[in-house]
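Once you've looked at the hints, dock chain B against the given chain A.
2 protein chains.
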Amino acid sequence: MENHFVAINYIQCEEAYKPRFEALFGSRAKAIDLMPGFKNMHVLKPKTDNDPFLIVSYWESEKHFKEWTNSPNFLEGHKRGFEDIRKAKEAGQNPPMTSTFKTYQVIAE
Amino acid sequence: MENHFVAINYIQCEEAYKPRFEALFGSRAKAIDLMPGFKNMHVLKPKTDNDPFLIVSYWESEKHFKEWTNSPNFLEGHKRGFEDIRKAKEAGQNPPMTSTFKTYQVIAE
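Chains as they are written, first to last, in the numbering used here: chain A, 3 to 111; chain B, 3 to 111.
Some hints here could point you the wrong way.
Note that identical chains are pooled: a pair holds if it fits in a single copy or bridges any two copies.
To be verified - List time: in silico DSSO-like cross-link candidates among lysine-lysine, alpha-carbon distance up to 30 Å:
#1 K65 / K49
#2 K65 / K91
#3 K32 / K68
If you are wondering where the hints come from, they were derived from the structure by calculation, not from laboratory data. If you're wondering where the values come from, they're calculated on a predicted model, not measured in any experiment.
The shape of chain A in the complex, shown without the other chains:
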């Protein structure tokens, strides 16, 4: 695992959207699982209410991760969440979730 590449998506969810967010990941499309270089992922729910959820994914390299974000599978895997955001926008509402991406290298385990 050492020197592997890690992407963390920090997702800030509206309180009312949290059950839907959890349900989406409970029945996720698994579109990511077939990507070359994908190792595994975890969805982390914070113990403290106002902290973001973390989507942590482990990859063989940054190149593999970028291929995923540019793939049709990426759109497929995020379809329901993107649709929820689009609908809120159309209705003139705040997005139900916002995300910040950060990337890392595994330097020890």
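Leaving out everything else, chain B in the frame of chain A:
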């Protein structure tokens, strides 16, 4: 892994201390590895300079994690880092690193 417990220590390092921080983890005491309920851990180095390092540890339950933080092994495993902080304090300097702990539940993988 689902429903497992995750602790993340977000470590903000002084720029000059980063090589030492990485060396400490490169030769870590492995005091944590023998704890009951410990699954695995990763040290994540941010790709962006001013972001914190992440120490991510996976546990069978929160109870197992708390037993680790209250164990003699915890002090042993952090001995060199705690000593660096103590010396800086004695010399009237800022601590070379500061940490924020957050805890999570794995809700999907």
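Query raised in the report: Going through the earlier hints one by one, which of them does the structure break, listed in rising order?
Result: 2
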